[in-house]
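Colleague: Going by the numbering used here, the sequence shown opens with residue 891, and the numbers climb by one from there.
Heads up, some of the hints might be wrong.
Per label pair, the in silico range of CB-to-CB distance [what the hints assert, rightly or not]: (1) PRO928 <-> ASN973: 30 to 38 angstroms; (2) LEU936 <-> HIS968: 48 to 56 angstroms; (3) GLU894 <-> GLU961: 13 to 21 angstroms; (4) THR897 <-> PRO946: 21 to 29 angstroms; (5) PRO928 <-> LEU971: 30 to 38 angstroms; (6) TYR1010 <-> SER895: 20 to 28 angstroms; (7) THR984 <-> GLU961: 19 to 27 angstroms; (8) LEU935 <-> ASP957: 34 to 42 angstroms; (9) VAL911 <-> GLY998: 15 to 23 angstroms; (10) ARG964 <-> PHE909: 17 to 25 angstroms; (11) SER912 <-> ARG1016: 40 to 48 angstroms; (12) ILE983 <-> LEU936: 23 to 31 angstroms; (13) TYR1010 <-> ASP970: 38 to 46 angstroms.
These are calculated hints, taken from the structure and not from any lab test. Note that the Cβ used here is the ideal one computed from N, Cα and C, for glycine as well.
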Amino acid sequence: MELESQTSLLALHYFFQIFHVSLILFNLFGWAWKVARPWNLASLLLTGASWILLAPFFGFGYCPLTDWHYEVLRQLGHFDLPNSYIAYLVESITSIRPSATATDVATGSCYIASLLLSIYLNLRDRRTA
891 MELESQTSLL
901 ALHYFFQIFH
911 VSLILFNLFG
921 WAWKVARPWN
931 LASLLLTGAS
941 WILLAPFFGF
951 GYCPLTDWHY
961 EVLRQLGHFD
971 LPNSYIAYLV
981 ESITSIRPSA
991 TATDVATGSC
1001 YIASLLLSIY
1011 LNLRDRRTA
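With these hints in hand, go ahead and build the complete structure from the sequences.
Modeller: Put into structure tokens, the structure is as follows:
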């Protein structure tokens, strides 16, 4: 692979890493700041829509960001990638790949908790406005 191409792929990898982790953190904790709550709810609903509405075509839990990032990683020579981006992050940090079931349960539980908090706080904010 040419050095220029390798450099571009690495730049894309870091872009996806930063953007995707930032989006995950925003989905998990964006409800904590009143000004961000409407955006957090929209982001959570878009995430859920991707997971559910695209399921017939790509499988439940499909995320285009993961798909695009994994394509970059494959071009960089990484082929044994887990189905879940969360599992990929855990493995990247700890060198241990969590089970698909544990990853799905943890991801789904955190998503539902964040979604419920975001809905509740957005509704509360509307009532007090």
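Colleague: None of the hints should be skipped; say for each whether it holds.
Modeller: How the hints compare with the structure:
1. PRO928 <-> ASN973: 30 to 38 angstroms: holds (31 angstroms)
2. LEU936 <-> HIS968: 48 to 56 angstroms: violated (27 angstroms)
3. GLU894 <-> GLU961: 13 to 21 angstroms: Holds: the Cβ-Cβ distance is about 18 angstroms, inside 13 to 21 angstroms.
4. THR897 <-> PRO946: 21 to 29 angstroms: violated (38 angstroms)
5. PRO928 <-> LEU971: 30 to 38 angstroms: holds (34 angstroms)
6. TYR1010 <-> SER895: 20 to 28 angstroms: violated (48 angstroms)
7. THR984 <-> GLU961: 19 to 27 angstroms: Distance hint for THR984, GLU961 holds at roughly 24 angstroms.
8. LEU935 <-> ASP957: 34 to 42 angstroms: violated (20 angstroms)
9. VAL911 <-> GLY998: 15 to 23 angstroms: Holds, at about 18 angstroms.
10. ARG964 <-> PHE909: 17 to 25 angstroms: Holds - the Cβ-Cβ distance for ARG964 and PHE909, about 18 angstroms, lies within 17 to 25 angstroms.
11. SER912 <-> ARG1016: 40 to 48 angstroms: violated (27 angstroms)
12. ILE983 <-> LEU936: 23 to 31 angstroms: At 26 angstroms between Cβs, range holds.
13. TYR1010 <-> ASP970: 38 to 46 angstroms: holds (40 angstroms)
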